[in-house]
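Colleague: Here is what each chain is made of, one letter per residue.
There are 2 protein chains.
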Amino acid sequence: MVTRLLVAQSGGCTAVINSTLVGVVDAARTQDGIDAIYGAHFGVRGVLGDDLVDLGRQSQATLALVRRTPSAALGSARYKLSDDECAQALDALARRHIGIFVLIGGNDSADTAQRLGRLAAERGQDLRVVAVPKTIDNDLPETDHCPGFGSAARFLAQGTVDAGRDSAAMRHWDPVKVVEVMGRNAGWLAAATALGAPEERDAPHLIYVPERPFDLHTFLGDVHHTYQRLGYCVAVVTETVRDAQGRPVGGIDKTAPVDAFGHPVIAGTAAALCRAVEAALGLKARFDKPGTMQRMSMALVSETDWQEAYEVGRAAVRAAAAGQSGVMVTLERISGSPYRCTTGLVPVERVANVQRLLPAEYLHPTRPWVSDAFLAYARPLLGGPLLKYGRLEETGSP
Amino acid sequence: MVTRLLVAQSGGCTAVINSTLVGVVDAARTQDGIDAIYGAHFGVRGVLGDDLVDLGRQSQATLALVRRTPSAALGSARYKLSDDECAQALDALARRHIGIFVLIGGNDSADTAQRLGRLAAERGQDLRVVAVPKTIDNDLPETDHCPGFGSAARFLAQGTVDAGRDSAAMRHWDPVKVVEVMGRNAGWLAAATALGAPEERDAPHLIYVPERPFDLHTFLGDVHHTYQRLGYCVAVVTETVRDAQGRPVGGIDKTAPVDAFGHPVIAGTAAALCRAVEAALGLKARFDKPGTMQRMSMALVSETDWQEAYEVGRAAVRAAAAGQSGVMVTLERISGSPYRCTTGLVPVERVANVQRLLPAEYLHPTRPWVSDAFLAYARPLLGGPLLKYGRLEETGSP
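Listed in order, the protein sequences are those of chains A and B.
In this text, residue positions in the first sequence follow this note's numbering: the first is 25, and each later residue adds one.
In this text, residue positions in the second sequence follow this note's numbering: the first is 25, and each later residue adds one.
None of these hints come from the bench; they were simulated from the model.
Even for Gly, the Cβ is constructed at its ideal location relative to N, Cα and C.
Heads up, a few of these hints could be off.
As the list claims (entries may be wrong) - Far from chain A, some chain B residues (derived; all Cβ distances over 12 Å):
1. M25
2. V26
3. H65
4. F179
5. R253
6. A268
7. P272
8. R342
9. Y363
10. W393
11. R403
To be verified - Quick list of in silico lysine to any residue cross-link-like pairs, SDA-like style, CA-CA up to 25 Å:
12. B:K308 to A:T328
13. B:K308 to B:G407
14. A:K412 to B:D50
15. B:K412 to A:R208
16. A:K308 to A:L230
17. A:K412 to B:Q252
18. B:K412 to A:R271
19. A:K412 to B:K308
20. B:K308 to A:L230
21. B:K412 to B:A400
22. A:K412 to B:A85
23. A:K412 to B:L410
24. A:K104 to B:H241
25. A:K308 to B:Q84
26. B:K412 to A:E109
27. A:K308 to A:D226
28. B:K412 to B:E327
29. A:K412 to B:G407
30. A:K308 to B:D50
31. B:K308 to A:E109
32. A:K412 to A:A323
Stated by the list, open to error - Interface residues of chain B toward chain A, partial, derived using beta-carbon atoms under 8 Å:
33. R102
34. D186
35. A193
36. R266
37. A323
38. P362
39. L416
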């Protein structure tokens, strides 16, 4: 039985999602039983609108370059299919004689993959649906970690070291800095910035994640104590931290719509915290918000992440060719030191709409910090050490 | 005559200000007539407080590492000496038998160097004062460009390419992006992001600099027009753009929601512009504000900038040893293609408190964009091409 494969990219982009795409294409090209490889533009939008590109006809030079290009080369989307649209999508796939649909994405994409796979089975349509994990948030269950996370973590860990060096030198001018990082409901990325602080004096000094209720009074006390101890303070905060009543610290942006999956848009956490520091402590505070640059940096890509992203793409094709459907590819850590990982498969219903938050054992029991277990977990994902920086030797007064 | 040299770092930090510091130390170590090399902690604060470090006793390994470390290894300051403090500083230098004072900084530091040099001459104190340029803002007159600019420009040009790839893929979700960049009163850094856009479809599409009054209505029209043409839009804006009446754009955000602590969130220029885009055009907009990361990135350093920063440090020592005082080291472009630069000297009073804004010939006459002359000026300062990214080949519907 020969069939056609369609691949799409979905959700927020990453630095390595195209490595996954090229992994799919490379594996499909040499896989018996696949005679055409198509890509859908802008996720399921391209499926519905029959907006496709022939990936089997891309040159090796193009694919090599795309594999080193951040963002989604096919275009991405946040689009929740209605039940009618699920049926329409399956009709569109049938018209194109697509027997394998590979969807690269996060929680919401796993949900889409699950619904399409179930409906296809109900209809008796010959379609294998395989999801491939992708999210800088690292919040998918059943996988050791998610492609995209390691590279964003590397950018942020290095960027926080850099921002911390700035604050250390400028402590007499603006001694407090808040670095705002992404994370819908999970603090994996914020936590990863701890990897840049091998010594207690190094930045960041404080890390606030959405897994723990944010208390402004405690935060101000933490900043004050750090400032008194070191003369400056760098705090990392996930953009979505909330207080004990569940209210976003940055305020919900009421002028903006909730997104297609019902997630509210949050206005400005770091900005709010800087104002609070200045008002309550009388310390000048500023914030860095690298925004989408944190998920797009090929200059700071984790080579481990980049390679694993490729392998999960290849594994998806192997799984589909072997008859699997309704599954998501996972990464399974075989060994922590030396770090070794392989791919696995999990039923997609165990992933769809489930978020994996930071477990308690990855956080410090009392301080706004991480545990050694988290550091051991996250360090290899950065793909190598950060840049090595120096300090002048203390000579005493000459 | 044998004397001692003191060096200090001042103003906002850069990725290469320590390369200049090590240039000073390396040159002073081999310079006849200098028998001690001290550094002052936190700029003129360290001079006043006799808070010094012995740079002559630093190991080569330490200096090599510091040279590759961003921020100011001595610590920096923004501190304007009173007249009394100028006299106190000279007294402190005399007590330490300092005959050469090298101050690495920007406009304000040149002013400090000028005042100390003049007062020393009036008092008959044997002190040579040499200023060394350093500012990511690139706003010092009399020099072709300023060390620190090329590296920040490289980070921002690459970061804007990256952020633009994100927006291109996510155009159906949040099609408008504003990248907020630094610049006290000059738009050199914002302008440099144009180097990442070799084709008209590439980001950034619009660049707003403080040299031109910012008109919100025109901005919204520009964004709307770009969105209609390309399906998304990336605008770069200097944080300090002002309207025709001189009011900061970041201060006119009246529709911001209230945060959890009851304060309206005013995150600055880019946040205000995003809100305006959403309200007026109904397009979802987001912003990236890399903040201090843009001036601290050794991962994206311009090797040209890094080497030139070293050379201006060495040139300062040579100038002082040759008896020069009241001068600032400059960079003089000998040739544009191939790019070649050498160092020069200029009286510091021609630099102190003078800002070099983007000249009209470096801006596009009608569009929010730069001129070809600016691109030719700025390109070699980035120290090499940006990362090469790819796109899928257009195959037509398969």
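Colleague: Let me make sure I understand: some of the numbered hints might not hold for this structure. Which ones are they, in numerical order?
Modeller: 3, 4, 12, 13, 15, 17, 18, 19, 20, 24, 25, 26, 30, 36 and 38
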